[in-house]
Amino acid sequence: MKKITGILIICLAPAFVVQAQNDAISQLFDQYYNNDAFTKVSVSSKMFELFTKIEPGDEDEEEILKAIQQLEGLKMLVADSINNSKTLYDEVVKKVSGNGYEELVEVKDASENLKFMIKEKDGIINELVMIQGGPKSFMVANLYGVIDLKNISKLSKSMNIKGMEYLQNVDKKNVDKKQ
Amino acid sequence: MLFFSGCQQKDSIAEFRKNHPVEIALTFYPSTLRMVNAKNEEYHQLIQDVEKGRYFKVNKRDDTQQAIRTLTAGLLEEGYEEVMTVKGNTDDMTVYALDHPTPVMIIMAEREKEYVIIQVQGMIHIARIPQLLNNFNEEEFLNIFSMYDRKKPQQNIEPDTANSQPE
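If you read the protein sequences in the order shown, they are chains A and B.
Be aware that the first sequence starts at 1, since it is given in the numbering used here, and climbs by one per residue.
Be aware that the second sequence starts at 1, since it is given in the numbering used here, and climbs by one per residue.
Some hints here could point you the wrong way.
[Unchecked claim] The list that follows gives simulated cross-link-like pairs (lysine-lysine, BS3-like), each with its CA atoms no further than 30 Å apart: (1) A:Lys136 to B:Lys87; (2) B:Lys87 to A:Lys53; (3) A:Lys40 to B:Lys113.
[Stated by the list, open to error] Here are the computed distance ranges between Cβ atoms for each label pair: (4) A:Asp36 to B:Glu41: 37 to 43 Å; (5) B:Asn89 to A:Asp23: 52 to 58 Å; (6) B:Pro30 to A:Thr87: 35 to 41 Å.
Please keep in mind that the hints were generated in silico from the structure rather than gathered at the bench.
Beta carbons: idealized from backbone N, C-alpha and C, even for Gly.
Next up, chain B with everything else stripped away, as it sits in the complex (with noise of 0.2 Å):
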């Protein structure tokens, strides 16, 4: 006997996004993300298995704490754990995760004056990290996300569709 629930995966980014409005919301391919920080070896490897990223901020408003609520239990809803928080004085951030075969990861910042959300599919390798610390030069790692909010002409950063869901 086969049985055929017909019901959609849940998608809390999605129905966040419906009921509240995203000042920023960009998507990342893993071309895009090479091509920013072209001269960047340790970054590319850092990056590789990252399939797709997506960025968003969110300015506060009387609902947003109401909405973010909403999208907190929605995502754990869907399989997502609570992997990381980290409770500053100006910033608070916390990390969820969802282990499938390729994981997700979402990043959820509150700050004084608004929300980021940064979803990954796919894994940072993180034991890269050190090699891209010791060869970081600021000057030359171009912050995508500050070009984007000083709102200069940019290249290869796709503004956010509503068909670019990870699935």
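Just chain A, with the same shape it has in the complex (with noise of 0.2 Å):
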């Protein structure tokens, strides 16, 4: 299960450059980097590069190399278990809402949380941020580059990724309602 999770961690893997992208994520980041109840994972954009090497075998699999390579960054922090997970999702939504970022998609149950905020300039979206809160469980993942919701959101569904789903339902409506 372990291998499974890191190859699915390297394939969502886009590049990563080393800027100050989203202030609260990269502060959330240092701050937990020594707390071993966090995996911390942050991929570089030399990673996406690669990936312009790769013949696409068909349409399904050029599109997935497509929505990998406008990409340039991804940061995640991930708890399993963790005593304070609703305080420090609150806490991490507050945050980042205070940051410029605009909210996408939020869906609340019993036993989870989970939210979407995107930041776009000029009609694109060049950042989303998803903050997923359980009882015990807790994940922010901050996405960067040049984000096609649809093809990142066909890439997740793929792969089983939880909590992506919600963005298939994203109509570009609301995406595109500045324009």
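Got two chains here, separate frames each, mind docking them using the hints?
Right, here's the structure in full:
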């Protein structure tokens, strides 16, 4: 299972340029960097450049590669078993909301909260933040570059990444409303 | 005017191996990789452009951390770039990549009592990973690394030799 998780992470990994793309996320990352209860993932932009060398085998692969090749970075902070997951979820949502991000989707149920937020410029989504909080689990993922929600959702769906399926229901009109 | 340096290309992994014992060293070629999971077509498509794979397991000793630091510094001198890090509660992993016409990736994982170093020359078709995962059946997927660790009789896994260096 660890190997599959590792492959999943590698596959979703876009390039990560070392810039303060999201100060709140960067601060969070730094805050919990030495905390063993959290797994920290960061991926460099070079990873994506390497993907440009791959020849797609079919249309689906071409779309997946296109989605990945336009991404520039990923940072993730994940915890499976912490006591303050609800507090942390609320804290991170508040921090990110105050940073100029727009809410895209929110899902709340008895067991879990999930929120997607985006930052866009000139009609292009250049950051996607996913914040997930369960009874004991927590995850925040910050994805940036040129983000095509449909293709990212397709990629995530094919890999059964929990939570990302909600992006499929986000119509482009929700994002293009400013145009 | 011609200038001939006569300098050999640095091989940090070879230098590491000269200075630190390696518990397990394996080299895989395409035919080997294909044979161990003969039935899995998605897996074959995933690795079809992998030209060579090397796997090392290094048990920790007092001087291992320094040796790994030296290895890392050597890789960066060779032109590798750090492309990914995963810092977890039990294992840490760093991935380095060399962007050549045939890319090379080195995955260094630190576990409690050992380091695992995997070197992959060529490209893994990441776009095929979703299909592989969708059809993944752990029972049918032969894990050659755990096979070797359990010291079962095996075929088609070649112990690493001094001559099997990536170009």
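So, going through the hints one by one against the coordinates:
{"no.": "1", "hint": "A:Lys136 to B:Lys87", "result": "holds (20 Å)"}
{"no.": "2", "hint": "B:Lys87 to A:Lys53", "result": "holds (28 Å)"}
{"no.": "3", "hint": "A:Lys40 to B:Lys113", "result": "holds (21 Å)"}
{"no.": "4", "hint": "A:Asp36 to B:Glu41: 37 to 43 Å", "result": "holds (40 Å)"}
{"no.": "5", "hint": "B:Asn89 to A:Asp23: 52 to 58 Å", "result": "violated (26 Å)"}
{"no.": "6", "hint": "B:Pro30 to A:Thr87: 35 to 41 Å", "result": "violated (51 Å)"}
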